[in-house]
Each structure stands twice: as C-alpha cells, then as structure tokens.
Amino acid sequence: MPSTRRQLLQTSLALTAALAPGLAAAQAGWPSKPIRFVVPFAAAGTTDILARSLAPELQKALGQPVVVENKPGAGGNTASADVAKAPPDGYTMLMGTVGTHAINAALYPKLPYDPVKDFTPVTLMAGVPNVLVLNPAFAQKHSINTVADFIRAAKANPGKFNMASSGNGTSIHLSGELFKSMAGVFMLHFPYRGSGPALIDLMGGSMDLMFDNLPSALPHIKSGKLKALAVTSARRSDVLPDLPTIEEAGGPALKGFEASSWFGVVVPAGTPAEIVNRLQAESAKAIASPALKERLASQGAIPSGMSSADFAKFIAAESAKWAKVVKASNAKVD
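For the sequence shown, the numbering used here assigns the number 75 to the initial residue and increments by one for each residue that follows.
What the hints contain is simulated information worked out from the structure, not anything from laboratory work.
Possibly wrong hints are sitting among the right ones.
Stated by the list, open to error - No more than 30 Å apart at the CA atoms, straight line, and that leaves these computed lysine-lysine pairs for DSS-like:
#1 K234 with K387
#2 K229 with K398
#3 K367 with K296
#4 K184 with K359
#5 K229 with K145
#6 K254 with K398
#7 K184 with K254
#8 K254 with K359
#9 K229 with K159
#10 K145 with K159
#11 K159 with K296
#12 K329 with K234
#13 K367 with K234
#14 K145 with K215
#15 K145 with K329
#16 K406 with K145
#17 K395 with K145
#18 K367 with K301
#19 K406 with K387
#20 K359 with K329
#21 K229 with K254
#22 K254 with K215
As the list claims (entries may be wrong) - Pairwise CB distance ranges (calculated):
#23 D316 with L136: 20 to 28 Å
#24 A160 with G233: 55 to 63 Å
#25 K234 with A135: 24 to 32 Å
#26 N231 with D188: 18 to 26 Å
Keep in mind that this is a model prediction, so the values were computed, not measured.
All C-beta atoms in this analysis are idealised placements derived from N, C-alpha and C, irrespective of residue type, glycine included.
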C-alpha cells in the first residue's frame, strides 16, 4: 500500500477511535435537548390528536420537551420526506400513518422517501375505524338516512356529490375510493391538508361527505354537526354501538368492505437501537397507562404499543394489503 494511502487509513482509523467514545457518550446522555415530533397533517385531525396525546407523556418520561410540529402537504409525503432526511439522533420523530407508510407507495408513482428503507419503526400507537359522515343539510336535502339511501342518491346524481378527504393517499381517501368502486357510484374527490380543514368545509356545507377517522369526527357527530351513516371497520365501534358497519348496511355489493386507519411512531433509519428501544418502552408504557388508554378508547381508537420488530412486520403486511386496495379501486392521485 502506498505511503500516502496508508497514512490516510491510519488517520481515519484514529479519528473513528477518537470519536467513538464521544458518540457513545452522546447516546448515553440522550435526550439532552427538545425532541421534534412531526405530524404530517394539519392540526385537529386524528394524527394530530394522537400525537398531542402522546407527546406530554413522553416529555414527562424523558425529561425534555417533546414539541409537536404540524407539517401538512402531499398526503403526508412532505413531512415524511423531511423526517427521512433528518439526522438519526433521536431528536426527530414522525407520527406515521397507514397513508404515509402503507398506501402512498402504491398510490404515488414517485415518493420523495422510502417508507421502509428510510425509517425505523418504534411502535404502533393505535388503530381507528373511519366513519362515513355527511353534512346534515345535504343529507336532509337528498333524504339520506342510511347507506342504502346514500347509494341511491349518489347513483341518481353522478359526479354531483363532493367527497372531502385529509389528503391524497390517506385511508380517508382510499375508504372513499373503495366505496365508490364497490358500490358503483361516482363522487368528486377534494383532498385537503388534513382532516381539520376538511371537516370545517364539510360542516360549513361546501363539502357533502367524508370518510373521516372516527376520533376527529366523533365530537361533531355527537353535537349533531355531522350525520354519521356507518363505520368502515369489520365490526362496530364501541363508542357508537348503534352505528352499523358499511358491510352490514350496504347490501351484497359491499360485502367484505373494510378500510381502517392506524398511527404509529417512526424515526429516521440509522437511529441507534438504544434510543429506539427507549422510545418504544416509554411510548408503550404511556399507551398502556389507564388515563391515556381511556382517552384513546373514548375517541374510538384501539390502543397498541407493539414492539419495534412487530410494528415493522405489521407495516409490511399493511403495505401488501393496501397495494391490492389501490389496484382494485383504481384510485388516482388527483
């Protein structure tokens, strides 16, 4: 080996050896500053609600501020790409969703991130059903009280019903696309930058319907500002036990319909295992606490807290499932 190359190699090895204790010490002292918790959708949607429920619990456990940052755009892709490029040092987390980590890879021709290679799963926080909700005045105008009524009215008015969603590629969007495909109806899709702004327009009357996540829609259903027809899950929700599933209410055409959402913490790939394990343990402990467990259940969410390895397997299975849904429904990014 030439002398110059030998010297460079020796210098590199020396630097690595010198830096290693410092890196280990930095990991051992983690966290020593605020942690950024990125939400890929606007405030007031379910992703935001869940992140803001978990953040204060992690803050208490870790002894550092956990700051929630809303970064909506492109069906969650903007925030996901941002977190994927962040330093893998444990100071940036993402509240990943079924959209950002299972649907978008099948829906978008090109993603600015790889949902598998660019992230390390920490834990699944919760799963939630979606719920078909209508503007009450719109429902009254078209005499809609059931899913069967809705299908009848939609078929009588092709392309005249406005369907809001929290963004392209979200389970809210795909629930609607799957419904359209199976029921044989056509509705115009209007993607928003999160459930919050979509719900505002839905209640205001500029949108007609939405397949929203149950936690964000629930208070408006209870107040009468939204009319709920059915949940998209395979079984009824404990918080709305009288509300049928779409499969129950939709007749033979909607047999087997299911399109639920989930939300979980992920960090940039390469984040040290010690930090991932600590985040998983503290998150799972918080999710299992009586107060947070009760809060999630009251919103219609099903708490989880699974291990990092199990969450990785779950994401792989969900990606395969939703790729089939995207293909079968012929969903498009519009």
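Cross-check of the supplied hints:
no. : hint                       : result
1   : K234 with K387             : 41 Å, violated
2   : K229 with K398             : 25 Å, holds
3   : K367 with K296             : 21 Å, holds
4   : K184 with K359             : 37 Å, violated
5   : K229 with K145             : 37 Å, violated
6   : K254 with K398             : 15 Å, holds
7   : K184 with K254             : 25 Å, holds
8   : K254 with K359             : 40 Å, violated
9   : K229 with K159             : 45 Å, violated
10  : K145 with K159             : 14 Å, holds
11  : K159 with K296             : 41 Å, violated
12  : K329 with K234             : 25 Å, holds
13  : K367 with K234             : 41 Å, violated
14  : K145 with K215             : 37 Å, violated
15  : K145 with K329             : 37 Å, violated
16  : K406 with K145             : 23 Å, holds
17  : K395 with K145             : 27 Å, holds
18  : K367 with K301             : 27 Å, holds
19  : K406 with K387             : 27 Å, holds
20  : K359 with K329             : 38 Å, violated
21  : K229 with K254             : 10 Å, holds
22  : K254 with K215             : 21 Å, holds
23  : D316 with L136: 20 to 28 Å : 41 Å, violated
24  : A160 with G233: 55 to 63 Å : 42 Å, violated
25  : K234 with A135: 24 to 32 Å : 51 Å, violated
26  : N231 with D188: 18 to 26 Å : 41 Å, violated
Hints 1, 4, 5, 8, 9, 11, 13, 14, 15, 20, 23, 24, 25 and 26 from the list above are not met by this structure, while the remaining hints are.
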